[in-house]
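2 protein chains.
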Amino acid sequence: MKITIIGLGLIGGSFALCLREKGVAQHIAGVDASPENAAKALEMGLIDRVVPFEEATNGADLVVLAAPVNAIPTLAVKVLNRIKPCQIAMDMGSTKGELGEMIALHPNRSRFVLTHPMWGTEKSGPEAARSDAFAGRAVVICDGGDSAPEAVRTVEEIYTRIGMTITHMTSEEQDIHTAYVSHISHITAYALALTVMEKERSEGRIFELASGGFESTVRLAKSSPSMWAPIFVQNKYNVLDVLRELIHQLQIFRRLLEKDDLEGITAAITKANEIKRII
Amino acid sequence: MKITIIGLGLIGGSFALCLREKGVAQHIAGVDASPENAAKALEMGLIDRVVPFEEATNGADLVVLAAPVNAIPTLAVKVLNRIKPCQIAMDMGSTKGELGEMIALHPNRSRFVLTHPMWGTEKSGPEAARSDAFAGRAVVICDGGDSAPEAVRTVEEIYTRIGMTITHMTSEEQDIHTAYVSHISHITAYALALTVMEKERSEGRIFELASGGFESTVRLAKSSPSMWAPIFVQNKYNVLDVLRELIHQLQIFRRLLEKDDLEGITAAITKANEIKRII
Chain A
-13 MKITIIGLGL IGGSFALCLR EKGVAQHIAG VDASPENAAK ALEMGLIDRV VPFEEATNGA
47 DLVVLAAPVN AIPTLAVKVL NRIKPCQIAM DMGSTKGELG EMIALHPNRS RFVLTHPMWG
107 TEKSGPEAAR SDAFAGRAVV ICDGGDSAPE AVRTVEEIYT RIGMTITHMT SEEQDIHTAY
167 VSHISHITAY ALALTVMEKE RSEGRIFELA SGGFESTVRL AKSSPSMWAP IFVQNKYNVL
227 DVLRELIHQL QIFRRLLEKD DLEGITAAIT KANEIKRII
Chain B
-13 MKITIIGLGL IGGSFALCLR EKGVAQHIAG VDASPENAAK ALEMGLIDRV VPFEEATNGA
47 DLVVLAAPVN AIPTLAVKVL NRIKPCQIAM DMGSTKGELG EMIALHPNRS RFVLTHPMWG
107 TEKSGPEAAR SDAFAGRAVV ICDGGDSAPE AVRTVEEIYT RIGMTITHMT SEEQDIHTAY
167 VSHISHITAY ALALTVMEKE RSEGRIFELA SGGFESTVRL AKSSPSMWAP IFVQNKYNVL
227 DVLRELIHQL QIFRRLLEKD DLEGITAAIT KANEIKRII
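Those protein sequences? They're chains A and B, same order as listed. Be aware that the first sequence starts at -13, since it is given in the numbering used here, and climbs by one per residue. Be aware that the second sequence starts at -13, since it is given in the numbering used here, and climbs by one per residue.
Just to be clear, a hint being listed does not mean it is correct.
Just so you know, same-sequence chains aren't split out, so a pair can sit in one copy or run between any two.
Here are the simulated lysine-lysine pairs, DSS-like style, with alpha carbons at most 30 Å apart [said to hold, decoys possible]: (1) Lys208 - Lys245; (2) Lys64 - Lys222; (3) Lys245 - Lys70; (4) Lys109 - Lys262; (5) Lys262 - Lys(-12); (6) Lys64 - Lys185; (7) Lys8 - Lys262; (8) Lys109 - Lys8; (9) Lys262 - Lys70; (10) Lys26 - Lys208; (11) Lys208 - Lys(-12); (12) Lys245 - Lys64; (13) Lys222 - Lys257; (14) Lys185 - Lys70; (15) Lys245 - Lys222.
Hint data in this document are derived by calculation from the structure and do not stem from the laboratory.
When you get a sec, could you build the whole thing from the sequences and use the hints?
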């Protein structure tokens, strides 16, 4: 296949590596708003050539949107404006509400497949691309019924080739679920990092003791603002729901501790331990 | 050395494995409040024999307290009541305030060395013991000036042999620091697990999408209540300080999101990214 990838960071770059390694792509063109990122991706061999956005659909079997989620809806409309019936477009973003609404009534809507591969690291940019990305994780295909069946099939085949498990749900469901299993983890990591760094300023030496548990909880706080700030804003209402519930749970914990309620804390932890059946 | 370890769970069991592997211990006696744990530790070869608590000091060069932190102060006093001038006692607990106060004026205080090796996993019990524990991490020795210099030296040598880096601070400092780099990570993990499981009850399917980021943030929520509930209660005031600050940071985030303040969220994330210089 000939594939154009728009957005050559962690996700787009990793997708390029995987498509090449699994023999899915014979030729990969790349588009990036940053000329430095595009040049870097070319130099690293992630893509075969850099093209301007206006030429993204030229000769491509598949056009992939891997840009930040606030850029995707506009890019999607522009790509659909140019797309031919034999071509497919897809996105890899973490939120779907705004995107779905922007392309809902587009005459070429059926050429677009909304996808969210559940993989990432705290790194960013083309240098962060990894050929072992995606494998073993779930990918969500959203509102599959609004896309042409053959387009969905092609996209599913590609994700299967790179080792992902396909799940279908509506855009609305996907935005709720990712708020709970992905977006909130990032917010807690950011908040925890800010809390600890604030204390370090007055206290010093805090980090001499940083242990494995701290590292794994705070690792996500290294994730890039250009990718994550737009995700939170686009998924605002779902993220606010989870955030309110998390703050509520922390306040319960705080009240138990203020009352020295060892029994209540033990019960809360025992309940939290049930997460073992899942991860 | 002949060593007695009191508490044969994750920490005591792992210490036994490391002491044996590095040739520090020629004979290890074990004490545990649970006869099942003690039998399991014996069967696994973590210890050479099980002894009742009353015989813990008999013939031992070193007595190690690796029980939950609410049990340690009482055990420490009883061990010091029996200890001879040639013997050393130490603990491996995560909090020091209560312990320090309980033994402060004991005539044999100088035979006790307060230590906190900064290592752990979310597992518990003798089965969770690992021979690769501790190595590469920091160990805190608290109020070292209150212990006999030769006792501190011996304990330092043992920790160095198993690959740890020695740090000295007061009990008070250690309790503040661990609240920030260890205790709060566990509380956020518990709260996050409770939040997500609550939602799953009404929504279902949440966990199909659980990704690597979710797993690493929530992993600590599997940690045992018998170990962690007493830690939070013993370190109440420091943990409450961090908890209040964390809730405050989350509320700031929530308000930025309510106002769709992309710029403010970007600034907060950029500041949180500074954690890169540390981990």
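Results of checking the hints against the structure:
In this assembly of identical chains, Lys208 and Lys245 lie within 30 Å of each other by CA distance solely across copies; the values are 24 Å between and 35 Å within a copy. Taking CA atoms no more than 30 Å apart as the test, Lys64 paired with Lys222 passes inside one copy only; the shortest distance there is 25 Å, against 57 Å between copies. In the homo-oligomer, the alpha carbons of Lys245 and Lys70 never lie at most 30 Å apart, since the shortest distance is 66 Å inside one protomer and 40 Å across protomers. Taking CA atoms no more than 30 Å apart as the test, Lys109 paired with Lys262 passes in both settings, with 28 Å inside one copy and 11 Å between copies.
In this assembly of identical chains, the alpha carbons of Lys262 and Lys(-12) never lie at most 30 Å apart, being 43 Å within a copy and 38 Å across copies at closest. In the homo-oligomer, the alpha carbons of Lys64 and Lys185 never lie at most 30 Å apart, since the shortest distance is 47 Å inside one protomer and 37 Å across protomers. Taking CA atoms no more than 30 Å apart as the test, Lys8 paired with Lys262 passes in neither setting, with 34 Å inside one copy and 33 Å between copies. Taking CA atoms no more than 30 Å apart as the test, Lys109 paired with Lys8 passes inside one copy only; the shortest distance there is 23 Å, against 37 Å between copies.
Taking the shortest alpha-carbon separations for Lys262 and Lys70, neither the intra-copy value of 48 Å nor the inter-copy value of 45 Å comes in at or below 30 Å. For the homomeric pair Lys26 and Lys208, the shortest alpha-carbon distance inside one copy (21 Å) is at most 30 Å, but the shortest distance between copies (41 Å) is not. In this assembly of identical chains, the alpha carbons of Lys208 and Lys(-12) never lie at most 30 Å apart, being 34 Å within a copy and 46 Å across copies at closest. Taking the closest pair of Cα atoms, Lys245 and Lys64 come within 30 Å of each other only across two copies (29 Å); inside a single copy the shortest separation is 59 Å, beyond that limit.
Proximity of Lys222 and Lys257 under a CA criterion of 30 Å is satisfied in both settings, with 28 Å inside one chain copy and 21 Å between copies. Taking CA atoms no more than 30 Å apart as the test, Lys185 paired with Lys70 passes in neither setting, with 57 Å inside one copy and 42 Å between copies. For the homomeric pair Lys245 and Lys222, the shortest alpha-carbon distance between copies (10 Å) is at most 30 Å, but the shortest distance inside one copy (34 Å) is not.
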